[in-house]
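*Asks:* Chain by chain, the residues:
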Amino acid sequence: MVSSGIAVGQGADSSHDREPVVNNFSIQVATVNGSGSQSANSVLMRAIFRMGVPVSGKNLFPSNIAGLPTWFTIRVSKDGYVARKRVSELLIAMNPESAAEDVHALKAGAVVVFDEPLKLESLRDDLVFYSVPFDKLVGPLAPEPKLKKLLRNMIYVGVMAHLLSLEMAEVEAAIGKQFSGKKRATEVNVAAARAGYEFAAANLSRSRFRVERMNENANKIIIDGNAAGALGALFAGVTVVSWYPITPSSSLIESLIEYLKKYRVDADGRASFAVVQAEDEMAAVGMVLGASWAGARAMTSTSGPGISLMAEMAGLGYYAEIPAVIWDVQRAGPSTGLPTRTAQGDLLSTAFLSHGDTRHPMLLPASVEECFEFGMAAFDLAERLQTPVFVLSDLDIGMNHWVSDPFQYPAAALDRGKVLSKQDLERAGSFMRSFARYADVDGDGIGYRTLPGNGHPNAAWFARGSGHNEKAQYSERPEDYVNNLDRLKRKWETARGLVPAPVAERKTPGAKIGIIAYGSSHWAVVESLDQLDVGQISADYLRLRAYPFSAAVNDFVAAHERVYVIDQNRDAQMMQLIKLDIAAAEVVKLRSVCYYTGHPLDARFVTESIVSQEQK
Amino acid sequence: MATTPNPPIKTNRIGLAVIDYRGGKSTLCAGCGHNAISERIIDAFYEMGIEPEQVAKLSGIGCSSKSPAYFLGRSHSFNSVHGRMPSIATGAAVANHKMLHIGVSGDGDTASIGMGQFAHLMRRNLPMIYIIEDNGVYGLTKGQFSATADVGSKLRSGIVNELPAIDTCALAIELGATFVARSFSGDKKQLLTLLKAAIAHNGTVLLDVISPCVTFNDHEGSTKSYKFTKDHEEMLQEISFVPAFEEIDVEYEPGSGIEITLHDGSKMRLSKLEEDYDPTHRITALKRLAEAREKSEVLTGLFYVDPERPSFTDLLNLVEQPLAALPQETTRPAKSVLDEVMEEYR
Chain V
1 MVSSGIAVGQ GADSSHDREP VVNNFSIQVA TVNGSGSQSA NSVLMRAIFR MGVPVSGKNL
61 FPSNIAGLPT WFTIRVSKDG YVARKRVSEL LIAMNPESAA EDVHALKAGA VVVFDEPLKL
121 ESLRDDLVFY SVPFDKLVGP LAPEPKLKKL LRNMIYVGVM AHLLSLEMAE VEAAIGKQFS
181 GKKRATEVNV AAARAGYEFA AANLSRSRFR VERMNENANK IIIDGNAAGA LGALFAGVTV
241 VSWYPITPSS SLIESLIEYL KKYRVDADGR ASFAVVQAED EMAAVGMVLG ASWAGARAMT
301 STSGPGISLM AEMAGLGYYA EIPAVIWDVQ RAGPSTGLPT RTAQGDLLST AFLSHGDTRH
361 PMLLPASVEE CFEFGMAAFD LAERLQTPVF VLSDLDIGMN HWVSDPFQYP AAALDRGKVL
421 SKQDLERAGS FMRSFARYAD VDGDGIGYRT LPGNGHPNAA WFARGSGHNE KAQYSERPED
481 YVNNLDRLKR KWETARGLVP APVAERKTPG AKIGIIAYGS SHWAVVESLD QLDVGQISAD
541 YLRLRAYPFS AAVNDFVAAH ERVYVIDQNR DAQMMQLIKL DIAAAEVVKL RSVCYYTGHP
601 LDARFVTESI VSQEQK
Chain Y
1 MATTPNPPIK TNRIGLAVID YRGGKSTLCA GCGHNAISER IIDAFYEMGI EPEQVAKLSG
61 IGCSSKSPAY FLGRSHSFNS VHGRMPSIAT GAAVANHKML HIGVSGDGDT ASIGMGQFAH
121 LMRRNLPMIY IIEDNGVYGL TKGQFSATAD VGSKLRSGIV NELPAIDTCA LAIELGATFV
181 ARSFSGDKKQ LLTLLKAAIA HNGTVLLDVI SPCVTFNDHE GSTKSYKFTK DHEEMLQEIS
241 FVPAFEEIDV EYEPGSGIEI TLHDGSKMRL SKLEEDYDPT HRITALKRLA EAREKSEVLT
301 GLFYVDPERP SFTDLLNLVE QPLAALPQET TRPAKSVLDE VMEEYR
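Chains as they are written, first to last, in the numbering used here: chain V, 1 to 616; chain Y, 1 to 346.
Keep in mind the hints are simulated off the structure, nothing from the lab. Each hint should be verified, as a subset may be incorrect.
[Claimed, not checked] A short, non-exhaustive set of chain V residues, derived as facing chain Y with CB atoms under 7 Å:
| no. | residue |
| --- | --- |
| 1 | ILE221 |
| 2 | THR239 |
| 3 | TYR263 |
| 4 | ALA267 |
| 5 | ALA274 |
| 6 | ALA294 |
| 7 | LEU316 |
| 8 | PRO406 |
| 9 | ALA460 |
| 10 | ALA463 |
| 11 | GLY467 |
[What the hints assert, rightly or not] Straight line, CA to CA, 35 Å or less: simulated DSBU-like cross-link-like pairs of lysine-lysine:
| no. | chain 1 | residue 1 | chain 2 | residue 2 |
| --- | --- | --- | --- | --- |
| 12 | V | LYS491 | V | LYS507 |
| 13 | V | LYS491 | Y | LYS335 |
| 14 | Y | LYS335 | V | LYS182 |
| 15 | V | LYS471 | V | LYS512 |
| 16 | Y | LYS335 | V | LYS220 |
| 17 | V | LYS422 | Y | LYS98 |
Virtual Cβ for every residue (Gly too), placed ideally from N, Cα, C.
Chain Y with its partners taken away, still in its complex shape (with noise of 0.2 Å):
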């Protein structure tokens, strides 16, 4: 053969590139923390083989709310209105259990609009990715505090911020999400390990990225810069996965940190953990938090996960079959019960 082939294009265990996971454009700014998980995002679905037509993406209102349209195209999605994101997930994931949900949302959206529909959809335990792009400011709106922002925290303009900052892992926990963890834009390795672990959890992860807004905090006196995370930034463990499809047998050392199996038979192994955390044990997990907001640490990784409690969709007993594409003939009784019903009534 005289001509040289194209290198073959590298695919996943379904045969998919990474192309095929691409979405459209990014119109947010350059160097937005959000992008950097999009890429994440990208990259996660693909190592992970999921079919993309089978995930729905979910997003309220803000910059954050705008980048589920630059990744997954091949997936369906739903921008909705401010703050109500986990109304609308809770339908849809209600709706086709089978598909895969991913939501995302900001700082405005989940902690200050969103706040109830968030706290409900934590306490359901329901089957799907959250993720917070947080970056303490509103975006769209030119760089208003937002409720995640520290005290102490400085607007370009010089406002100061006084109010406490609501920490949304520590709710979460609180309210029962499943899996929770926080994680940092700029960290492509533990953001991309822990989307994966996601991938694979059955109930609500709730993933806190912080992701600096380049525009509106990104100066010195804020606590949601590049520069303030990464000089802060406390990483709680170390996070290895690996997948269910992939029958690798690693060999730890013994005592050298914790494995979790997660629900479809994935593992995470956490190592160089903090003498005595335990990530299935909420109070452990909730103190660790109240002692970095002490601390101004920005602490990231695995705060907590339980792989057992059942999720929402689990509760509900559903047919194997998605509601979404039940046929006539299971959905209306037939006359016979009309009939019955209406005798009861006479």
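Next comes chain V alone, as it looks inside the complex (with noise of 0.2 Å):
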């Protein structure tokens, strides 16, 4: 039997401290980045998960490949919330370079748990602190050096096992998943916890954060946004797919990319889908570009420093009116910035991505249910509306781990827009008899195409980012260029009607104040109103799904005194995106609550910086 320094908790002992916390605190995980703690921390959560109760797991990581440090809080809610809390109740110290400042940065009655050597008992005497003789037991599970660095995380999944009331069958369960159909890497690790889990249960008394089994995650799964946005397009029939490394919208890709391989090669080996690593990205989008003129289903993803490289193509495929799907997974800038932090600072340089007139739809997934819905609806909107048309993430969504409903198969077919067919050239007496590229025969803006190999003599375009005239014959006359720069203005105009409308997520009567957030801040979001709520202010809640705006933003801001925009970056990016939409004087309304620190919102702060607003 190992014996630890510390038999039992130690530290805090007012009663206050005392009283049992059930479902509802949130636990970081201090490590050194490149130590393979994320399979532990996966693990850890999963387990919670599978006793149903509402759990989610944010990965603060630096950039960088290994030894600096790096965090991973889980928070367990029993009332359902996800975002990112502030402080947390639970620390797992791991990392000597770190230790000491986040056992300060806690609150006091918080739990320590912490590799023996660190001897973190010392530094306060209002924790509870548990120490664990990692490297004793790690010992014992396997020789080989670099496993028992791994292994010493799955230990501590099972200390926390029995400080949290969890049960092991679980946690043995979620290594499974973890580690599926890997029999020794399962067995090594269920080893690991069990070890860790009889250490603690011999030797330190049960926390007072407990986790009671509920039954919240019946069907659900746990997903990342940038897998449940590959397998919309997946699900939307991909066909064309190029990319340029980045982070942290590389995972999208290459999650995309093990789908296509198991998904969509025949029988024969032969792919439905071709994948192409780009020089850069703006050969990316030329790509995409390239094989939407030629009729594919064509995507790219990427981050702001990917954006920016794609302005002059944006612009092209906004003029020539070539459908494009580009997401971009945000995260912290400007230039090459804060890579692995997030943010939402890409708003205002992508909607009018390029030079001249351009303006661009961009979708706002919230959750990833919505990357993976946006995911499809993206191509749709895109062949529908004959433009390039950016979904709008962040790496919060993107790269963290989210419990979800199940995903819906698209009920609907595919939406490949206005595309004329070499019959559909021959139909006699139609207007397609005398095809036109850029005429507005519907009136809604959006002309027809043909694409390359159509057959029919003629059906062939000249596609161009230069002036053309509506048969795509170039063109400096004034009158011509007008009436494309107008009719482009009525396919914006038609883009409002198509794209996911705004979402009145809260409506109480007589509410005077509005919110509207947008993207990953909806979690904070909501939290934020209960938290309002408890201090007596009722507010509204609209949250985007898009740009183009509907009428109903417009509506919104009309029927509230003061309206409170979230976002996720310094210059009140959305704000400044409403104010160029809304009537004149409801401008005066808008009021702004930004976050820029790199790490995901957190409800207390949307709290009190609309309190702090309230007051003045």
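With the hints as a guide, bring both chains together as one complex.
*Replies:* Spelled out as structure tokens, the structure:
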């Protein structure tokens, strides 16, 4: 039996700090980047998930392969809150570099599980410390030093199982899931978790923080937004993918490649897709435009710096009217910025990306489910509107673990937009007989297109970024230019009704305050609304899901005295976009809440920011 | 019969006349080399009997990149942005690998702003014909040097180029293109033959065509003028071409040259070769191009060919039907697949 320096949890002893806390706390795991803690953290999260309790996981990691501090937070919330919590109640301190600072950041009464040699217990006397001799415990588990390093992490999972009253059966099931199909890996990790559990059971008292079984996760899944977006593309029938690696977007394409290889290769080994790793983002989006012009469903995925590089091509796509699906998994900028930190900083630059008069539809998923849905819808919209469509996710949605209902198989067929076949062109008496690529036949600003290889001698048209008339012929005539730009504006008006409409997430009779948010901010806002309720501030909440806006946005502002727009950027970018769109008299009602630390938004920040502005 | 019948219109093997391969009226300067190249493209596609509807034209920006409007009017075309034709072409060729892709670029469009994309297209051996209409200057912006201008070449204003020229052919060979040639817009026969062979090749064809700019670079002191090119042209070989559909067995004297069978079965015959020149050998080709530079020769001909290397779309192992034409039944997996994936995430 291995014995520990401190037999039981010691430290805090006020009665308040001993009250049990069930299914309502946050765990912070502090490790060294590259130490392989991700598997252990996923297992811990999944074990809680399997006990039916709402849970979320967020990885705060540095731009580094190995060596720098990294934190993983697991939030357990009986109320279903999944936004980041500013301070955790439990700390697993595995990293000597950050341990002291991590301990000092805790509130009184918090719990610290730490690696014995770190001797953290002397740092504070208002915390509960649990010392664990990881080296001694890992010794008998495996001879290889590399494996030992990995298994140390699984030991803290077992320790936590005891401290939190987690069922070991669920921990072991979660390990089986994590290492699916790998017998040896599963066995050694289960052994490590058990070693941690047995040590804790014999030496440590249970913590006052407890997980108790609920039934909130029946049928649910755990997935990250990038994998969800990739699935959206798969079920949208994507055929050409071109990309350039960039954090935090790479895993979207890497997931997609896995799915495509698994589900889109025929019995002869032939692929119904092509993935091209491009030389840069300019080439990536160029390939997408070339492929879409040729009739493929084509996409790319990038982050802010890639969006900047795509600027010229975005204008070409807008003006030549070529579909494209472009994901922007946003990270903190500017320039190369903070590549592993989240933000919503590309809104303005993307909305008007390129030169001259350009505007681009943007879809703004707030959840993994919407990553899936918008990942599909983006293709329908791009082909219907014949224009590049951007999907603006962010690192928080894209790379973190989210519990979600399973995704629904699409009910509607693919919308391939207005494409004329050879047979269409041959049909007597039809307008199609005198095919003109950019004629606004239907009054919605969207012309009909033909695809290369159509086969009809009159099908060809000349795609160009330069001035053109309805027949796609080169033209510098002022009236042709104006006609074209005005038609593109009509198309923009059409887009308002086609993109996902905003959602009235909360309507309170008589509420004078409105909140507008979008994307990953949603989860903090939902929680903040409840906090505001406690403070007797009642607010309505409209969640935006796309740009351009529908009339509902103006109506929402008009219906309230003050409207707070929540942005995860410094310059209130969404508020600026709204200002451009709503009636002039409504603009003065807008106020802003801007958060830009690189960390996911937390509810308390929203609440405090609104309360302090309300008090002015 | 009292009336004289009209002479029948001459047609090719698929029943089309030359006029079916023409495009709009050129807006380039009279005497521009690019117009002659457009004419040869028209002739080559006509003579090869290619369905114009099955050809896609791509270009970047510049005088050269305007020219796809002046040939093959029945083909779809994409005049993209400066230096980015290769990526547009790559997307298009991957989306529809059954079509024939021809890109027209210039020396500025390729060797300066587009160098990155050019290099990677060559490296991929994308199945397409990539023509550089090479005049050593930027025409549309009125005569600045491009990166293919030779050291010592002089602008009309008297400015002398002091930087070495980028040899796009040597680069293309180095990077992986599988059919690399240089010609001259004024050499009808050689250019036409190379274009026909290019149509028969599977892989990247890089065809650098010296195409004098009559307005900005055709004066004394220019190394890309008609006169300089004619005076300094050195032909590496004589090329004859027999397309696969013409089942003619030509008897050649043994030892009089090299015969190369292209992807579709067409045959190229290279004769009057320089001694020991092997166009299937990269190092030979690169060495000869370096010598040409030292001697200020305008070396033309087929420098390098590899009919065997798989093209980029071969490597992708695509289904037979073009990706662009796949129906939803092929591209959207069944509900059972989503159910299976969801289960994996539980």
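*Asks:* With reference to the structure, classify each hint as holding or not holding.
*Replies:* Results for each hint:
1. ILE221: With a closest approach of 4 Å, the ILE221/V hint holds.
2. THR239: Cβ of THR239/V sits 4 Å from chain Y, so the hint holds.
3. TYR263: Hint holds; TYR263/V Cβ to chain Y Cβ min 5 Å, cut 7 Å.
4. ALA267: 11 Å, violated
5. ALA274: Cβ of ALA274/V sits 4 Å from chain Y, so the hint holds.
6. ALA294: Status holds, d = 4 Å.
7. LEU316: 5 Å, holds
8. PRO406: 4 Å, holds
9. ALA460: Hint on ALA460/V: holds, closest Cβ of chain Y at ~5 Å, below 7 Å.
10. ALA463: 4 Å, holds
11. GLY467: 12 Å, violated
12. LYS491/V <-> LYS507/V: Answer holds: LYS491/V to LYS507/V is near 32 Å, not above 35 Å.
13. LYS491/V <-> LYS335/Y: Distance of about 34 Å is within 35 Å: holds.
14. LYS335/Y <-> LYS182/V: Answer holds: LYS335/Y to LYS182/V is near 28 Å, not above 35 Å.
15. LYS471/V <-> LYS512/V: Measuring from Cα to Cα gives roughly 52 Å; hence the hint is violated.
16. LYS335/Y <-> LYS220/V: 17 Å, holds
17. LYS422/V <-> LYS98/Y: Roughly 17 Å separates the two Cα atoms, so the pair holds.
Comparing the model with each earlier hint shows violations of hints 4, 11 and 15; every other hint is respected.
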